[in-house]
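Student: Here is what each chain is made of, one letter per residue.
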Amino acid sequence: KAGVTQTPRYLIKTRGQQVTLSCSPISGHRSVSWYQQTPGQGLQFLFEYFSETQRNKGNFPGRFSGRQFSNSRSEMNVSTLELGDSALYLCASSPPAGAGELFFGEGSRLTVL
Amino acid sequence: GENVEQHPSTLSVQEGDSAVIKCTYSDSASNYFPWYKQELGKRPQLIIDIRSNVGEKKDQRIAVTLNKTAKHFSLHITETQPEDSAVYFCAASSGRGGSQGNLIFGKGTKLSVKP
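These protein sequences, in sequence, are chains A and B.
Under this note's numbering, the first residue of the first sequence carries the number 4, and numbering increases by one thereafter.
Under this note's numbering, the first residue of the second sequence carries the number 7, and numbering increases by one thereafter.
Keep in mind that a hint or two might mislead.
With a straight-line Cα cutoff of 30 Å, these simulated DSSO-like cross-link-like pairs (lysine-lysine) come out [claimed, not checked]:
{"id": "1", "chain 1": "B", "residue 1": "Lys120", "chain 2": "B", "residue 2": "Lys43"}
{"id": "2", "chain 1": "B", "residue 1": "Lys120", "chain 2": "B", "residue 2": "Lys63"}
{"id": "3", "chain 1": "B", "residue 1": "Lys77", "chain 2": "A", "residue 2": "Lys60"}
{"id": "4", "chain 1": "A", "residue 1": "Lys60", "chain 2": "B", "residue 2": "Lys48"}
{"id": "5", "chain 1": "A", "residue 1": "Lys60", "chain 2": "B", "residue 2": "Lys43"}
{"id": "6", "chain 1": "A", "residue 1": "Lys16", "chain 2": "B", "residue 2": "Lys48"}
{"id": "7", "chain 1": "B", "residue 1": "Lys48", "chain 2": "B", "residue 2": "Lys63"}
{"id": "8", "chain 1": "B", "residue 1": "Lys113", "chain 2": "A", "residue 2": "Lys60"}
{"id": "9", "chain 1": "B", "residue 1": "Lys64", "chain 2": "B", "residue 2": "Lys48"}
{"id": "10", "chain 1": "B", "residue 1": "Lys113", "chain 2": "B", "residue 2": "Lys63"}
{"id": "11", "chain 1": "A", "residue 1": "Lys4", "chain 2": "B", "residue 2": "Lys48"}
{"id": "12", "chain 1": "B", "residue 1": "Lys74", "chain 2": "A", "residue 2": "Lys60"}
{"id": "13", "chain 1": "B", "residue 1": "Lys74", "chain 2": "B", "residue 2": "Lys120"}
{"id": "14", "chain 1": "B", "residue 1": "Lys116", "chain 2": "B", "residue 2": "Lys28"}
{"id": "15", "chain 1": "B", "residue 1": "Lys63", "chain 2": "A", "residue 2": "Lys4"}
{"id": "16", "chain 1": "B", "residue 1": "Lys116", "chain 2": "A", "residue 2": "Lys60"}
{"id": "17", "chain 1": "B", "residue 1": "Lys43", "chain 2": "A", "residue 2": "Lys4"}
{"id": "18", "chain 1": "A", "residue 1": "Lys16", "chain 2": "B", "residue 2": "Lys113"}
{"id": "19", "chain 1": "A", "residue 1": "Lys60", "chain 2": "B", "residue 2": "Lys28"}
{"id": "20", "chain 1": "A", "residue 1": "Lys4", "chain 2": "B", "residue 2": "Lys64"}
{"id": "21", "chain 1": "B", "residue 1": "Lys28", "chain 2": "B", "residue 2": "Lys120"}
{"id": "22", "chain 1": "B", "residue 1": "Lys64", "chain 2": "B", "residue 2": "Lys74"}
Keep in mind that the hints were calculated from the coordinates and are not lab data.
Produce the complete structure using the sequences and hints provided.
Tutor: Have a look at this one:
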């Protein structure tokens with residue numbers, strides 16, 4: 004089975020721009036979560052999607068948004084980028100209910116200049 | 007909201023020694039406690055997890071203990087090897103609303119195992 008795939012792997016943006024990151028979960032996984040990883044704050048939960056619906060949201064400003072498509076693929080968008088948005092954005096998918104384990108992708112490393 | 011604190015932030019041990027990492031959580035509704043290992047430049051991967059109806063779980067050289075009353079859980083690695091060197095994250099989840107993907111992570115422990 005293919006793992007969680009994230010694109011792009013690396014990107015550089017400037018302040019004020021917006022960015023869209025993509026995540027393809029493991030086949031059969033319907034839950035997709037997004038995390039921001041930074042050296043100072045560790046892994047912070049952004050949001051979770053299940054069956055095209057946002058099931059949970061972390062404590063991030065409204066500039067961070069996401070969506071999920073009918074094939075379970077997910078995208079997250081960050082608008083009006085700030086320097087502090089520079090981070091590794093990790094996507095994770097979960098197998099059907101009850102398992103609990105998250106399978107992470109390699110991440111998208113965003114640098115904001 | 008839920009908060010997970012993890013200690014120590016760095017840990018250096020000699021090969022063959024044991025390593026212990028401790029975490030505390032704040033939400034008494036938390037019922038799932040996984041541990042993830044992240045090697046340099048790689049994705050986090052689950053190494054062991056425990057649910058609130060169990061006090062201890064072992065898998066070869068790693069074990070996790072949970073004290074629900076005190077709201078803390080620990081990771082124990084015995085007979086450490088250089089390949090155990092990585093950053094370890096604890097996490098907690100209450101699974102509210104059927105959520106599987108909402109984990110609250112500790113800030114990580116960088117473990118270095120010296121040959």
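Student: Which hints, by number, does the structure contradict?
Tutor: 13
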